[in-house]
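Student: Kindly generate the complete structure, drawing on both the sequences and the hints.
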Amino acid sequence: MPLFNFMRRHAPSSVCGPVKPWQEIVPIVAQAEAAVPLPEFAFDSNGTSPNVITDVLPDPTSYLQRASAFILAYLESAKDPPKPKVTLKLSRENGIAVTSGGEMTLFIPYFANHSKNHTPDEVLHEVLGVILHELVHVYQHDGHHTVPGGVIEGIADFHRLRANLGPPHWKRARGGKWDAGYERTAYFLNWIEGSNIGFVRELNAMSKETFNLSIFRTLTGRNVEQLWEAYQRSIPSCVEELARPAVPTEVASTEVPMQ
Numbered sequence: 001m002p003l004f005n006f007m008r009r010h011a012p013s014s015v016c017g018p019v020k021p022w023q024e025i026v027p028i029v030a031q032a033e034a035a036v037p038l039p040e041f042a043f044d045s046n047g048t049s050p051n052v053i054t055d056v057l058p059d060p061t062s063y064l065q066r067a068s069a070f071i072l073a074y075l076e077s078a079k080d081p082p083k084p085k086v087t088l089k090l091s092r093e094n095g096i097a098v099t100s101g102g103e104m105t106l107f108i109p110y111f112a113n114h115s116k117n118h119t120p121d122e123v124l125h126e127v128l129g130v131i132l133h134e135l136v137h138v139y140q141h142d143g144h145h146t147v148p149g150g151v152i153e154g155i156a157d158f159h160r161l162r163a164n165l166g167p168p169h170w171k172r173a174r175g176g177k178w179d180a181g182y183e184r185t186a187y188f189l190n191w192i193e194g195s196n197i198g199f200v201r202e203l204n205a206m207s208k209e210t211f212n213l214s215i216f217r218t219l220t221g222r223n224v225e226q227l228w229e230a231y232q233r234s235i236p237s238c239v240e241e242l243a244r245p246a247v248p249t250e251v252a253s254t255e256v257p258m259q
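Going by the numbering used here, the residue at position 10 of the sequence shown is 10; the numbering climbs one at a time, nothing skipped.
Note that these hints are calculated values from the structure, not bench results. There's no promise every hint is true.
As the list claims (entries may be wrong) - Restricting the straight-line Cα-Cα distance to at most 20 Å, the calculated cross-link-like pairs of lysine to aspartate or glutamate (DMTMM-like) are:
#1 116 - 103
#2 171 - 126
#3 89 - 126
#4 89 - 59
#5 177 - 229
#6 83 - 40
#7 171 - 193
#8 79 - 202
#9 79 - 103
#10 85 - 40
#11 171 - 122
#12 83 - 209
#13 85 - 103
#14 79 - 209
#15 89 - 55
#16 208 - 76
Here the structure is a predicted model, which is why all the values come from computation and not from measurement.
Tutor: In structure tokens:
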């Protein structure tokens, strides 16, 4: 299934106006697929097939390729040396997902439980979104473990947001901390990206060796607290007033620090 065909049918309902249509990003993905060297992709069901994940996504490796091209279209620079192989594995253990190096694992019980009160299309939406989030961890820089966990997770969910693969509970909200991670930080980064095209790409690139908050001022002319205050003021009244805790996408990873 082409990635963009799915996106066209599943725009998030948690924002107060039209979202950026996936069609605008299709040329970027096509360019990335031609220009960015991608690793080898593999899928290992660990003897669990058929299951709720393969029922809705029978060809995971094709999606891994398209999703990787989408991510690298935004990040441009990936971990050095690049991962020669990326493997998606399935497990019957508890959790949501975890990534270590070039290996991602999805935990079937979470998606099986999700399928009890969601349609197959909605289950696919969640599967694609979680895989996309985990793939970002494969490619993004972590500044030799100096990038805060909230920023790591925020950049991952930024890509999920940009691909229109955010879950229904995601909302922009007032209050909270800019580096709470996940969708809280993702919406903030998306707001900065709106007036500073390429911000997330440069944030990732400048964090290759080490992370410093001065990156925000260097790229935007304002420090992160000034940006957060301006972002808070920009949130329209049609969204909920108070921030709830950011919702994690995965269990703790051995390679990606968590806050």
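Student: Below or equal to 20 Å on CA atoms is what counts here, so check residue 171 against residue 122.
Tutor: Between residue 171 and residue 122 the Cα gap is close to 18 Å, so the pair holds against 20 Å.
Student: CA of residue 79 to CA of residue 103, is that 20 Å or under?
Tutor: Holds, at about 14 Å.
Student: Given the hinted pair residue 85 and residue 103, is their alpha-carbon gap at most 20 Å?
Tutor: Given that 20 Å is the threshold and the Cα spacing comes to 8 Å, the pair holds.
Student: Run the distance test for residue 89 versus residue 55: straight-line Cα separation, threshold 20 Å.
Tutor: holds (15 Å)
Student: Between residue 171 and residue 126, is the straight-line Cα distance small enough, at 20 Å or below?
Tutor: holds (16 Å)
Student: Given the hinted pair residue 177 and residue 229, is their alpha-carbon gap at most 20 Å?
Tutor: At roughly 10 Å apart (the allowed maximum being 20 Å), residue 229 and residue 177 satisfy the hint.
Student: Take a quick look at whether residue 83 and residue 40 sit within 20 Å of each other, Cα to Cα.
Tutor: holds (9 Å)
Student: If you draw a straight line from the CA of residue 208 to the CA of residue 76, is it 20 Å or shorter?
Tutor: holds (12 Å)
Student: Sort out whether residue 193 lies within 20 Å of residue 171, counting only the CA atoms.
Tutor: Cα-Cα ~17 Å, so holds.
Student: Are the Cα positions of residue 89 and residue 126 separated by 20 Å at most?
Tutor: Holds. Residue 89 to residue 126 sits at ~16 Å (cutoff 20 Å).
Student: Would you check the hint for residue 85 and residue 40, treating anything up to 20 Å between C-alpha atoms as holding?
Tutor: OK: residue 85 and residue 40 at ~5 Å, within 20 Å.
Student: Between residue 79 and residue 209, does the CA-CA distance stay at or below 20 Å?
Tutor: Answer holds: residue 79 to residue 209 is near 10 Å, not above 20 Å.
Of the numbered hints given earlier, the model fails hint 1 alone.
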